[in-house]
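Listed here are the chains, written in short residue letters.
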Amino acid sequence: MEATLAILNELETSGLVGRYAIGGAMAAFFYAEAVVTEDLDAFVLLTAQNTGLVTLTPLYEFLKQRGATEEREHLWLAGTLLQLIPAYDPLTEESVREAVDHTVGSACTHVMRVEHLIAIALKTGRAKDFARISLLLEEATVDAPLLDAILQRHQLLPRWNVFKLRTS
Amino acid sequence: MSDTAQAIAEEIFRRKNRARHAAAALPIEEKLRRLVSMQQRANEIRRSTGRLLMRVWELGPSIRST
Chain A
1 MEATLAILNE
11 LETSGLVGRY
21 AIGGAMAAFF
31 YAEAVVTEDL
41 DAFVLLTAQN
51 TGLVTLTPLY
61 EFLKQRGATE
71 EREHLWLAGT
81 LLQLIPAYDP
91 LTEESVREAV
101 DHTVGSACTH
111 VMRVEHLIAI
121 ALKTGRAKDF
131 ARISLLLEEA
141 TVDAPLLDAI
151 LQRHQLLPRW
161 NVFKLRTS
Chain B
1 MSDTAQAIAE
11 EIFRRKNRAR
21 HAAAALPIEE
31 KLRRLVSMQQ
41 RANEIRRSTG
51 RLLMRVWELG
61 PSIRST
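Residue numbers (my numbering), protein chains in the order written: chain A, 1 to 168; chain B, 1 to 66.
The shape of chain A in the complex, shown without the other chains (with noise of 0.2 Å):
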């Protein structure tokens, strides 16, 4: 994990990726009690090539170099089954930007705010995703006003009232 980490700073310093942070299961954990997950979700800012494409390739190379191997859609890097996923949308890019710095070992990551987690969970929108919404707002410190304004800039507050009153 710690040299997982390193490795996915070294990407980040290389300039293959503008920047990465870590969102899903993995980043709630900063928030909230640990579950079972297999993976370790890492959005990246992709830099566009001269060409204008946007693409993994050179990012999978470079961490192939670093022993990484390929497992199904994922990475095995340095002891962990990394996802590689570019920032997709104008939340997930947000979300990577505004990340926060954390300690984990003696690594140094960044983590994506809980409230941008609650986002995407909301947008993603899958059984599991609005699970994780509740663990976190049972568990996590969320900045309400934070949250509102995240979710009104993304058009995300019908959805956010659907689902407030399914669980209420």
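Please keep in mind that the hints were generated in silico from the structure rather than gathered at the bench. You can take every hint at face value.
In silico EDC-like cross-links for lysine to aspartate or glutamate, where the CA-CA straight-line distance does not exceed 16 Å:
| no. | chain 1 | residue 1 | chain 2 | residue 2 |
| --- | --- | --- | --- | --- |
| 1 | B | K16 | A | E33 |
| 2 | B | K16 | A | E139 |
| 3 | A | K128 | A | E38 |
| 4 | A | K123 | A | E94 |
| 5 | A | K164 | A | D129 |
| 6 | B | K16 | A | E138 |
| 7 | A | K164 | A | D148 |
| 8 | A | K123 | A | D148 |
| 9 | A | K123 | A | E93 |
Chain A regions said to be covered by chain B (calculated; three or more residues, Cβ under 8 Å):
| no. | region |
| --- | --- |
| 10 | 77-84 |
| 11 | 104-111 |
Since we're looking at a predicted model, the values are computed, not measured. C-beta atoms are modelled at their ideal positions from N, C-alpha and C, and glycine is treated no differently.
Using the hints provided, position chain B relative to the given structure of chain A.
Here is chain B on its own, set in the frame of chain A:
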């Protein structure tokens, strides 16, 4: 349900709630150690039911010893 049974149940739920909040407040390194333990237990179940095994994370020396 009798008042006594209800009081017992409510106390159990309160304790569970406290335990979950305590688990949420643990350091990230301890949560990762718990994750590895959960991955190992999940694999015992997967193995016994013939399912594909989950990759168990390797944490690194500082996390293992924190």
